[in-house]
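Enquirer: As given, the protein sequences belong to chains W and F, one line each in that order.
Mapping to the UniProt record's numbering: the first sequence position 100 is 100, numbers consecutive.
Mapping to the UniProt record's numbering: the second sequence position 223 is 223, numbers consecutive.
Please keep in mind that the hints were generated in silico from the structure rather than gathered at the bench.
Errors might be hidden in some of the hints.
Unchecked claim - To be clear about the criterion: a stretch of chain W counts as covered by chain F if any three or more of its residues have a C-beta under 8 Å from a C-beta of chain F, and this derived list gives those stretches:
1) 4-11
2) 16-24
3) 50-58
4) 86-100
What the hints assert, rightly or not - Calculated cross-link-like contacts (lysine to any residue; reagent style SDA-like; alpha-carbon spacing at most 25 Å):
5) F:K250 x W:G138
6) W:K83 x W:G167
7) W:K83 x W:G138
8) W:K267 x F:L23
9) F:K250 x W:Q170
10) F:K250 x W:V153
11) W:K267 x F:A61
We put the CB at the ideal spot given by N, CA and C, even for glycine.
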Amino acid sequence: MARFLLRRLLVALLVAATVMTVSFLLTRLSGDLAISIAGPNATQQDVELVRRAYGLDRPLWLQYLDWVARALQGDLGESYFFKDRVANLIAERLPITMSLGLVGLCIALAVALPLGILAAVRENTWVDRAVMLVALIGQAMPSFWLGLILMIVLGLRLGWLPISGTGSWQHYVMPGIVLAFSAIPSLMRLTRAGMIDALASDYIRTARAKGLSRLSILVKHALRNAAIPVVSIAAVQLGFMLGGSIVIETVFALHGVGFLAWESISKNDFPVVQAVVLVLALIYVGLTLLADLLNAALDPRLRAA
Amino acid sequence: MSGAVLAPAAARRHGRLLRHSGLVLGALIVGFVALVALLGPWLAPHDPFAIDLSRRLIPPAWMEGGTAANPLGTDQLGRDYLSRLIYGARISMVIGVLTVVTSGLIGTTIGVLGGYFGGRVDDAVVFAITARLSIPVVLVALTVAGLMGSSFTLVILVLGLLLWDRFAVVARSTTMQIRNLDYVAAAWCAGCSRTAILLREVLPNIASHLAVVATLEMALAILLEAALSFLGLGVPAPLPSWGLMIAEGKEYMFFSPWVIMIPGIALFVLILGINLLGDALRDMIGTDIAR
Numbered sequence: 001m002a003r004f005l006l007r008r009l010l011v012a013l014l015v016a017a018t019v020m021t022v023s024f025l026l027t028r029l030s031g032d033l034a035i036s037i038a039g040p041n042a043t044q045q046d047v048e049l050v051r052r053a054y055g056l057d058r059p060l061w062l063q064y065l066d067w068v069a070r071a072l073q074g075d076l077g078e079s080y081f082f083k084d085r086v087a088n089l090i091a092e093r094l095p096i097t098m099s100l101g102l103v104g105l106c107i108a109l110a111v112a113l114p115l116g117i118l119a120a121v122r123e124n125t126w127v128d129r130a131v132m133l134v135a136l137i138g139q140a141m142p143s144f145w146l147g148l149i150l151m152i153v154l155g156l157r158l159g160w161l162p163i164s165g166t167g168s169w170q171h172y173v174m175p176g177i178v179l180a181f182s183a184i185p186s187l188m189r190l191t192r193a194g195m196i197d198a199l200a201s202d203y204i205r206t207a208r209a210k211g212l213s214r215l216s217i218l219v220k221h222a223l224r225n226a227a228i229p230v231v232s233i234a235a236v237q238l239g240f241m242l243g244g245s246i247v248i249e250t251v252f253a254l255h256g257v258g259f260l261a262w263e264s265i266s267k268n269d270f271p272v273v274q275a276v277v278l279v280l281a282l283i284y285v286g287l288t289l290l291a292d293l294l295n296a297a298l299d300p301r302l303r304a305a
Numbered sequence: 001m002s003g004a005v006l007a008p009a010a011a012r013r014h015g016r017l018l019r020h021s022g023l024v025l026g027a028l029i030v031g032f033v034a035l036v037a038l039l040g041p042w043l044a045p046h047d048p049f050a051i052d053l054s055r056r057l058i059p060p061a062w063m064e065g066g067t068a069a070n071p072l073g074t075d076q077l078g079r080d081y082l083s084r085l086i087y088g089a090r091i092s093m094v095i096g097v098l099t100v101v102t103s104g105l106i107g108t109t110i111g112v113l114g115g116y117f118g119g120r121v122d123d124a125v126v127f128a129i130t131a132r133l134s135i136p137v138v139l140v141a142l143t144v145a146g147l148m149g150s151s152f153t154l155v156i157l158v159l160g161l162l163l164w165d166r167f168a169v170v171a172r173s174t175t176m177q178i179r180n181l182d183y184v185a186a187a188w189c190a191g192c193s194r195t196a197i198l199l200r201e202v203l204p205n206i207a208s209h210l211a212v213v214a215t216l217e218m219a220l221a222i223l224l225e226a227a228l229s230f231l232g233l234g235v236p237a238p239l240p241s242w243g244l245m246i247a248e249g250k251e252y253m254f255f256s257p258w259v260i261m262i263p264g265i266a267l268f269v270l271i272l273g274i275n276l277l278g279d280a281l282r283d284m285i286g287t288d289i290a291r
C-alpha cells in the first residue's frame with residue numbers, strides 16, 4: 001500500500017514538472033513574444049523596450065529557471081493587461097470555476113447513476129436501449145451549441161434563468177447542465193457495465209437466496225461494487241470538466257478561470273495564460289491522484305498490492 | 001417450455017437487429033456527409049463566399065419570407081446558407097480525417113512500442129500518456145492559435161499533436177495481449193525481424209481496435225474544431241466552418257433561431273453518425289476496450 005502510494009505520488013510530481021515546462025514553452029513557441037505583446041502598431045524601438053522591460057532579452061533557460069523558482073513560491077508573475085498579480089487574479093476566479101465544475105459533476109451523477117442502474121436492471125429491454133440512446137445523444141451534442149439553445153429556451157422564451165453573467169446561484173444552472181452533458185455518457189455507460197457485472201455475480205445470487213429485498217440487494221450489494229470505478233472516473237471527469245470549462249464560461253460570460261484565460265489569450269496577456277494552463281493541469285494531476293487514493297480506499301484488494 | 005427457450009434467442013435477435021440498424025444509420029449519415037463534402041463545388045447552388053447585403057438573413061424556404069432560391073436562407077452578410085453548409089461539411093470531414101491520421105500515427109507508434117517492449121520503454125510511454133492527459137486540450141489549442149494566428153493547417157496540427165492519447169492507450173493494451181501469443185513467437189523463431197513482427201503480426205491484429213478509436217477521435221476532433229472556430233480561434237473567417245457559422249449567427253439567434261439551429265443540427269447529426277458507426281464496430285469485434 002505505502003509503495004503503491006509513493007509510486008503514484010512520484011509520478012504525479014514528475015507529471016507536474018513536465019506540465020510546468022510545457023506551459024512555459026507553450027507561450028515561447030511562437031517565436032518572439034515581445035512582438036506579440038507590443039502589438040501590431042509597435043515600432044522596432046517599442047519592441048526592444050518591451051523585451052527589456054519583461055526580461056525577454058535573457059536566454060530562454062534563465063527565463064525558465066526564474067519562472068519556476070518564482071512559481072514554486074506561489075509567485076506566478078504580473079499580468080500585462082490587468083496590472084495585478086496573476087496569483088491574485090486566479091485566486092479570485094478559481095472558486096467560480098470550481099463551483100461550476102462541482103455543479104456540473106453533481107448534475108451528471110444525479111442523471112447518470114439512476115439511469116445507468118435502471119439500464120442494467122432492465123438489460124436488453126427497450127428501457128436499456130432508451131438509456132443508451134440518451135448517452136449517444138449526449139455524446140454528439142456540441143456543448144457550446146447546447147448552451148445557446150438553453151439560452152434561447154430557458155432564458156428568453158421561458159424566462160426561468162438569467163441568460164449570462166456571474167452573480168447569483170442561478171447563473172450556474174445552465175452552464176452546469178451543459179458541462180454535465182459532456183460527462184453523463186461515460187459515467188452512465190460505466191455505471192451500467194459495472195452494475196451488469198455485479199448483478200451477475202455469485203454474492204448477488206446468495207443475497208437473493210437469503211431473501212433480501214430487491215432494493216437492498218441493488219443498493220447495498222451491487223451498487224457498492226459497481227461504484228468503485230465510477231467514483232474514480234468522476235474525479236477524473238471533474239478535471240476534464242475544469243479544462244473544458246473555458247468554452248462554456250465564454251459562452252455564458254461566467255467570469256471564472258476559463259473566461260480569464262480566453263480574455264488573456266485575446267489580449268496577448270501571456271503570464272496569465274501560462275499560469276492558467278499550469279493551474280488547471282495541476283488540479284487535474286491532483287484529482288487523478290485523489291482518484292487513485294479513493295480507489296485504494298474503496299477496494300481492499302488494491303490496498304494489498 | 002419452448003417459449004422459455006426461445007425468448008432469450010428472440011431478444012438477442014432483436015438486439016442484433018437494433019445494433020445492425022445503428023450500423024446502417026451511422027454508415028448512411030457518414031457516407032452522405034462524405035459524399036456532400038466530396039461533391040461540394042458541384043452541389044452548392046451558389047458561391048458560399050458571395051456577399052449580397054441587400055439579401056441578409058432571409059429565412060429558410062419552409063418559413064415565412066423564405067425563397068426557393070435560398071433553400072436554407074441566407075446569413076448576416078447575405079451569403080447562401082445551404083452552400084456554406086455544404087462547404088462546411090468539407091472542412092469538418094477534412095479536419096476529422098487528417099487529425100485522426102496524424103494522432104493515429106503518433107499514438108499507435110507510441111502505444112505499440114510500449115506494449116511490445118514493456119519495461120522502461122513502457123514506463124516512459126505510460127508517463128507520456130499521463131502527462132498528455134493532464135494538459136487541457138482546448139486551452140492549449142486556443143493559446144497556440146492566439147500566438148501563431150489561427151489557420152486551417154494549424155487546427156489540424158494542434159489537434160493531431162494532442163489527441164493521440166486514446167490511440168496510445170488502446171494500441172498499448174492490445175499489443176500487450178498479442179505479444180505473448182503463439183504466432184508472434186512463431187514469427188520470432190522463423191527469424192523475422194522486430195520491425196517485421198510489429199508491422200506484419202501485431203499491427204494487423206490490433207487494427208480493428210484502432211478503427212474503433214479512430215471513429216471516437218474523429219468525432220472529438222470535429223467537435224473541438226467547431227468549438228475553437230466558435231471561439232474565433234479555429235478555422236478563420238470567411239471559411240464556412242460549422243462552428244464559425246454558429247458564432248456568426250449568435251447575435252441574431254434570439255430573433256431568428258434557425259441561424260444557429262441549421263449548422264448545429266448538421267454538426268450533431270454528423271457526430272451522432274460517426275459515434276453510431278463506432279459503437280457498431282465495437283460490438284462487432286466484441287470488446288469493451290475502447291470505451
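Enquirer: State for each hint whether it applies.
Expert: Hint by hint, here is what the structure shows:
1. Figure legend: the region 4-11 of chain W, annotated as covered by chain F; annotation inconsistent (1 residues with Cβ-Cβ distances under 8 Å, at least 3 required).
2. Residues of the region 16-24 of chain W with a Cβ under 8 Å from some Cβ of chain F number 3, which satisfies the need for three, so the listed coverage holds.
3. Given as covered by chain F, the region 50-58 of chain W fails the check, having 0 residues with a CB less than 8 Å from a CB of that chain where 3 are the minimum.
4. Interface restraint, the region 86-100 of chain W with chain F: violated (0 residues with C-beta to C-beta distance below 8 Å; minimum three).
5. At roughly 22 Å between alpha-carbon atoms, K250 of chain F and G138 of chain W fall within 25 Å of each other, so this suggested pair holds.
6. A C-alpha spacing of about 24 Å is found between K83 of chain W and G167 of chain W, which places the hinted pair at or below 25 Å, so the restraint holds.
7. Taking the CA atoms of K83 of chain W and G138 of chain W, the gap is near 41 Å; set against the 25 Å cutoff, the hint is violated.
8. Only pairs whose Cα atoms come within 25 Å are accepted, and K267 of chain W paired with L23 of chain F is rejected, the gap being roughly 46 Å.
9. Straight-line distance between C-alpha atoms of K250 of chain F and Q170 of chain W comes to about 22 Å, which keeps the hinted pair within the 25 Å bound.
10. For the hint linking K250 of chain F to V153 of chain W, the alpha-carbon distance of about 14 Å falls within 25 Å, and the restraint holds.
11. Between K267 of chain W and A61 of chain F the CA atoms are separated by roughly 41 Å; this puts the pair beyond 25 Å, and the hint is violated.
Comparing the model with each earlier hint shows violations of hints 1, 3, 4, 7, 8, 11; every other hint is respected.
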